[in-house]
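Construct the complete structure from the given sequences, taking the supplied hints into account.
Residue numbers (full-length UniProt numbering), protein chains in the order written: chain R, 1 to 318; chain U, 1 to 318; chain X, 1 to 318; chain C, 1 to 318.
Worth flagging that the hints you see were computed from the coordinates, not collected in a lab. Just so you know, these numbers come straight off a predicted model, no measurement behind them. Keep in mind that the hints are not guaranteed to be accurate.
Intra- or inter-copy, both count: the list cannot distinguish identical chains.
[What the hints assert, rightly or not] Computed cross-link-like contacts, SDA-like style, restricted to lysine to any residue with a CA-CA straight-line distance of at most 25 Å:
(1) 303 / 244
(2) 138 / 304
(3) 24 / 316
(4) 285 / 141
(5) 296 / 133
(6) 303 / 243
(7) 285 / 199
(8) 134 / 27
(9) 162 / 213
(10) 303 / 315
(11) 303 / 255
(12) 303 / 140
(13) 143 / 31
(14) 138 / 303
(15) 98 / 69
(16) 143 / 302
(17) 303 / 266
(18) 98 / 44
(19) 303 / 251
(20) 303 / 289
(21) 143 / 274
(22) 296 / 128
(23) 285 / 126
(24) 285 / 105
(25) 24 / 147
(26) 162 / 289
(27) 285 / 125
(28) 138 / 264
(29) 24 / 145
(30) 134 / 293
4 protein chains.
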Amino acid sequence: MRNSSFGDIAHLGHVELLTSEFDKSRWFFTELLAMREVAAEGDSVFLHAWDDYERYTLKLTASPASGVGRVALRTGSQEALERRAAAIEATGRGIGWKDGEQGVGRSYAFTDPDGHPMEIYYDTEWFQAPDDAKPALKNQADKYPGRGINARRLDHVNYLGKDVEENGTFIADALGGEATEQIRLNTGQISAQWFHFNSKSYDVVYSADNTGSTGRLHHIAFATDTREDILKGADVFLENGIHIESGPHKHAIQQTFFLYVYEPGGNRIEFANAGARLMLAPDWKTIEWTEAERAKGQAWGMKTISTFHTHGTPPVGE
Amino acid sequence: MRNSSFGDIAHLGHVELLTSEFDKSRWFFTELLAMREVAAEGDSVFLHAWDDYERYTLKLTASPASGVGRVALRTGSQEALERRAAAIEATGRGIGWKDGEQGVGRSYAFTDPDGHPMEIYYDTEWFQAPDDAKPALKNQADKYPGRGINARRLDHVNYLGKDVEENGTFIADALGGEATEQIRLNTGQISAQWFHFNSKSYDVVYSADNTGSTGRLHHIAFATDTREDILKGADVFLENGIHIESGPHKHAIQQTFFLYVYEPGGNRIEFANAGARLMLAPDWKTIEWTEAERAKGQAWGMKTISTFHTHGTPPVGE
Amino acid sequence: MRNSSFGDIAHLGHVELLTSEFDKSRWFFTELLAMREVAAEGDSVFLHAWDDYERYTLKLTASPASGVGRVALRTGSQEALERRAAAIEATGRGIGWKDGEQGVGRSYAFTDPDGHPMEIYYDTEWFQAPDDAKPALKNQADKYPGRGINARRLDHVNYLGKDVEENGTFIADALGGEATEQIRLNTGQISAQWFHFNSKSYDVVYSADNTGSTGRLHHIAFATDTREDILKGADVFLENGIHIESGPHKHAIQQTFFLYVYEPGGNRIEFANAGARLMLAPDWKTIEWTEAERAKGQAWGMKTISTFHTHGTPPVGE
Amino acid sequence: MRNSSFGDIAHLGHVELLTSEFDKSRWFFTELLAMREVAAEGDSVFLHAWDDYERYTLKLTASPASGVGRVALRTGSQEALERRAAAIEATGRGIGWKDGEQGVGRSYAFTDPDGHPMEIYYDTEWFQAPDDAKPALKNQADKYPGRGINARRLDHVNYLGKDVEENGTFIADALGGEATEQIRLNTGQISAQWFHFNSKSYDVVYSADNTGSTGRLHHIAFATDTREDILKGADVFLENGIHIESGPHKHAIQQTFFLYVYEPGGNRIEFANAGARLMLAPDWKTIEWTEAERAKGQAWGMKTISTFHTHGTPPVGE
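Here it is in structure tokens:
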């Protein structure tokens with residue numbers, strides 16, 4: 001049975017990424033992902049991918065240590081915003097209302113049990129392409145850049161968390177998320193959980209932080225239009241000295257075609273293509289993978305590189 | 001502002017296709033689309049594509065004239081089913097409750113203003129792969145066939161309608177659909193309208209029937225996993241003597257990558273790939289294309305073949 | 001039986017393209033094809049695609065009328081150059097020896113029976129990437145640009161000719177070319193002929209000029225790495241206001257996956273991908289297509305747009 | 001300077017593969033590669049991929065131990081066959097003339113220095129599609145199967161060899177092959193060498209056998225039409241329980257996009273797509289990779305799985 005609050009969160013809105021290599025990270029996102037810089041403010045720039053309908057989806061901020069800053073989710077309506085804010089407040093994790101940045105309106109701030117800073121909001125400014133750069137198709141936010149990996153839109157955030165289940169319960173209870181898939185270890189512990197809020201298969205993911213730390217990031221992901229964008233992206237990253245960690249492969253879990261790289265600040269960035277996979281069933285039953293099933297390998301049966309299970313940002317004793 | 005009933009319909013469930021060339025049409029769907037036959041009953045077979053989560057999505061029925069039979073939409077819950085049935089009944093287009101076929105439960109039957117037979121339902125049996133043909137991935141309904149055009153799932157139905165606007169108003173009012181895009185002629189008339197019920201950009205479409213007929217079909221569509229499936233599909237159709245009408249191209253409207261063919265019964269079948277495009281915005285504003293904008297061509301600026309604007313099933317004075 | 005001079009010509013070397021819109025054409029080739037400008041001289045620039053091993057393959061020249069200038073073929077050796085020069089001289093079409101441009105050595109100039117200016121040469125300077133732009137892979141000429149249609153290398157030239165057969169006989173007799181495919185009309189006339197000089201299926205093509213003119217160009221073509229480059233190229237061209245004439249489709253003849261556009265000067269440019277097709281057989285028998293076979297349509301059975309049979313450069317009564 | 005005998009060998013003709021799991025291997029090649037069985041004889045079947053122009057390219061033979069049997073190369077002419085036979089005979093490695101199988105004419109048998117059985121021939125029967133299965137395109141050998149990995153043609157053989165340089169010298173001197181790329185260790189030893197005979201970048205490869213054995217196989221490869229065939233092939237192999245060893249990735253050396261699997265008999269099979277890469281230069285200079293360059297990783301900088309450097313057939317102390 002569907003979570004009765006499902007739909008109150010519409011989708012992942014924007015992410016703040018902290019980087020210790022600001023200039024190089026900025027080059028990475030604008031040149032290799034072909035994102036447009038829509039604003040600069042203090043130590044941050046605000047970035048937009050060509051199919052993002054909102055004004056920005058990535059805030060890139062210079063910081064002594066790389067990692068993830070605030071992650072914001074857009075609600076389905078003003079009423080949904082009030083409902084979710086009340087539900088979060090009831091958990092004791094609420095911080096309070098504030099004004100959003102760069103066209104984002106009233107936002108309710110909170111932290112998940114792992115301490116990651118989060119917000120929800122409804123009001124938002126839609127992206128407007130500059131007058132001298134209107135796209136050929138009026139149903140498209142920005143001009144099709146056709147360069148680099150040509151990132152289409154922000155797709156999801158994958159947190160590391162000390163206690164996956166506790167974080168997941170919060171996402172389900174306070175935000176109305178539903179787990180589409182999860183991994184359960186032989187100990188009974190859930191070691192990873194994928195949450196969705198709409199027909200897309202996931203927007204927020206938690207993976208167990210094997211270092212026992214809190215507040216860390218596994219990766220953020222951008223959707224590409226096609227699998228070929230990911231293959232060509234690998235050529236582009238090789239040519240530009242970006243470390244490719246893994247892929248292009250297709251995950252067993254969620255069947256996402258992927259490539260993982262480290263942006264110059266060390267944050268892992270995924271490029272993901274779900275093909276035509278959608279969660280259309282209103283009564284989807286969470287797919288659970290056992291430890292044994294995971295041991296078969298996750299990418300067409302092949303083993304995952306070890307750093308995938310250890311590297312996170314900020315770095316902890318790597 | 002979002003339609004307050006949006007979400008009551010979860011998605012397009014299944015379609016009945018009538019064919020005057022039953023044996024050849026059956027070969028087309030099972031051999032060239034790689035659909036599985038899950039049941040046969042009377043003059044019909046019930047078919048399933050590898051990612052359809054329900055037991056069947058296509059009912060193929062021998063008939064003197066080709067065309068579209070009953071189209072059924074699944075609701076988001078039992079309550080949503082009751083709400084929509086009541087709303088339809090209030091329009092005077094309701095027919096009444098009946099039992100669904102092949103695992104589909106209680107269904108409410110009605111017609112749209114154009115006379116197309118439709119139903120809504122919630123209870124449904126999920127597809128179970130045969131014991132000797134379980135897929136390698138437990139998050140997938142059926143084995144990956146890897147042959148023909150490898151159709152992934154039923155995607156949408158595109159009706160021809162005498163009065164697009166009247167039909168569209170019904171879809172919006174009675175079913176909670178929202179128009180993501182539409183064409184408005186210089187006369188002010190809406191000549192085509194695309195409706196969605198979830199994050200997918202459309203499930204039901206109406207195009208003006210230039211013959212002035214009612215109850216006809218423009219096409220039904222299947223989603224393929226990738227654009228390359230569509231390119232390879234063109235090779236497969238050429239090799240097997242299937243008439244390719246148009247494509248592979250990318251529509252300006254909805255940006256769908258497509259191929260149109262006529263199945264042996266004469267019904268137009270589309271193979272569609274939306275890339276990573278999703279309607280995530282809860283406040284999406286209908287994109288309206290003018291007659292002049294349409295005249296620029298719809299596929300990368302190229303002109304559409306004339307039969308696309310005339311051919312429908314059942315045939316009327318072609 | 002193989003033409004005994006086959007192999008004396010190694011491949012198409014470079015092409016001069018005349019354009020009445022020099023600045024716009026230059027933008028087209030450098031920005032949308034991602035070619036590198038290696039030199040400028042008088043009214044011309046010299047351009048290089050990332051996998052061209054020679055210093056340049058396209059000379060773009062400002063001119064009152066668009067069309068094709070000199071086309072040069074590289075021989076397999078110095079001895080082969082002497083042999084072919086002698087053979088051409090014997091036909092009476094020889095013009096004489098001259099020095100090549102931009103690193104190309106001693107060249108023998110001549111015209112084909114249609115009057116197109118041509119040359120053969122052996123000595124050539126290999127492309128050297130600038131010191132600050134060395135490719136990541138040492139087996140690649142230049143950095144992988146990853147933008148626009150990402151043209152990989154010059155592929156072929158397709159001339160219009162008043163008398164296809166006469167031109168073809170010259171290519172076979174004087175240059176050792178072999179026709180891999182051809183079209184023969186019901187009248188017995190050959191209306192198009194594809195010639196190759198190595199395992200690639202064609203480097204030089206003649207199509208009948210329906211205007212009865214001489215010296216005109218149907219198109220020049222660039223190879224892309226993949227079919228997806230061509231699909232993405234269509235998006236790029238649409239976004240940048242370039243007229244797409246036809247495609248992306250797969251030709252029946254030669255099975256080339258193609259897209260035809262007009263560069264700003266009006267010259268037709270093809271982007272071509274042959275997949276893994278190669279002419280490996282030393283005793284390949286010319287494939288002949290009849291008028292009836294052609295009438296079935298050339299792109300997956302679909303009809304070709306009429307301009308494809310009329311538009312050429314320089315324009316003649318279009 | 002080009003090897004003066006280059007061109008005497010036209011291309012790799014056919015390979016005999018020995019398998020200890022004959023029935024399963026036969027299923028692998030006919031069902032998953034979509035090859036056609038053209039003949040059966042004794043313990044062998046003869047197989048054809050849809051673009052192979054000759055009658056067969058793979059002879060599959062039941063055998064106690066898996067591995068590679070006879071590999072045959074087709075010459076460019078009868079005269080070339082005589083020249084090469086004489087050159088081989090002069091090395092003392094000739095065995096003598098015999099009749100080929102299944103339409104292959106007079107063949108000269110020999111062994112390479114490592115002891116692998118080889119042959120050269122010119123006369124050959126072209127593949128004829130059965131009357132009830134003629135392809136839609138007359139320039140194609142067989143119907144386009146559109147299933148499984150849809151192997152287009154036999155591409156190359158990669159031997160393991162005790163002494164790469166000795167074997168390579170033989171290929172160059174006796175057969176006129178040219179090394180397009182090679183790896184040289186810090187010791188000065190060549191550890192792998194890629195030989196070509198036409199515009200394709202390689203047909204025969206030697207890699208050092210780290211077990212010190214002789215006569216073993218690293219892999220044989222089939223060309224697929226597109227990179228997407230390889231991605232879909234990975235899905236097909238996963239679904240059918242075939243061990244995927246590595247890929248889909250793009251090799252640094254030769255830039256081949258690849259997937260390696262073990263067929264049921266344990267022989268490694270590669271699926272390879274070279275994109276539009278061709279060796280057109282008549283004076284190509286062998287690209288040499290140092291040990292340090294190799295250590296950077298071969299697939300977009302990623303490390304190769306260890307079995308790639310140890311597994312061969314017949315197996316030796318794995």
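ask   = At most 25 Å between C-alpha atoms: does residue 296 with residue 133 qualify within a copy, between copies, both, or neither?
value = Close across copies (19 Å), not inside one copy (48 Å); limit 25 Å.
Homomeric proximity label, residue 162 with residue 213: Cα distance no greater than 25 Å = Only inside one copy: residue 162 and residue 213 sit 6 Å apart there, 51 Å across copies, limit 25 Å.
query = Between residue 303 and residue 315, at a C-alpha cutoff of 25 Å, which is it: within one copy, between copies, both, or neither?
reply = both (23 Å within a copy, 23 Å between copies)
ask   = Is it within, between, both or neither when you check residue 138 against residue 264 at 25 Å Cα-Cα?
value = Close across copies (24 Å), not inside one copy (34 Å); limit 25 Å.
message = At most 25 Å between CA atoms: does that hold for residue 303 and residue 244 within a copy, between copies, both, or neither?
response = both (16 Å within a copy, 10 Å between copies)
message = With identical chains, the pair residue 285 and residue 141 could be close in the same copy or across copies; at 25 Å between alpha carbons, which is it: within, between, both, or neither?
response = Intra 34 Å, inter 12 Å, cutoff 25 Å: inter-copy only.
ask   = Within a copy, between copies, both or neither: where do residue 303 and residue 251 come within 25 Å Cα-Cα?
value = This pair counts as both: shortest intra-copy Cα distance 11 Å, inter-copy 19 Å.
query = Within a copy, between copies, both or neither: where do residue 143 and residue 302 come within 25 Å Cα-Cα?
reply = between (38 Å within a copy, 19 Å between copies)
inquiry  = Please sort residue 285 with residue 199 into within, between, both or neither, judging by C-alpha distance up to 25 Å.
reply    = Both ways: residue 285 and residue 199 sit 14 Å apart in one copy and 19 Å across, limit 25 Å.
query = For the identical chains here, do residue 143 and residue 31 meet the 25 Å Cα criterion within one copy, between copies, both, or neither?
reply = Cα proximity of residue 143 and residue 31: in one copy and across copies (15 Å, 15 Å).
ask   = How would you classify residue 285 and residue 126 at a CA-CA limit of 25 Å: within, between, both, or neither?
value = between (34 Å within a copy, 11 Å between copies)
query = At most 25 Å between C-alpha atoms: does residue 285 with residue 105 qualify within a copy, between copies, both, or neither?
reply = between (35 Å within a copy, 19 Å between copies)
Checked against the numbered hints given earlier, this structure breaks none of them.
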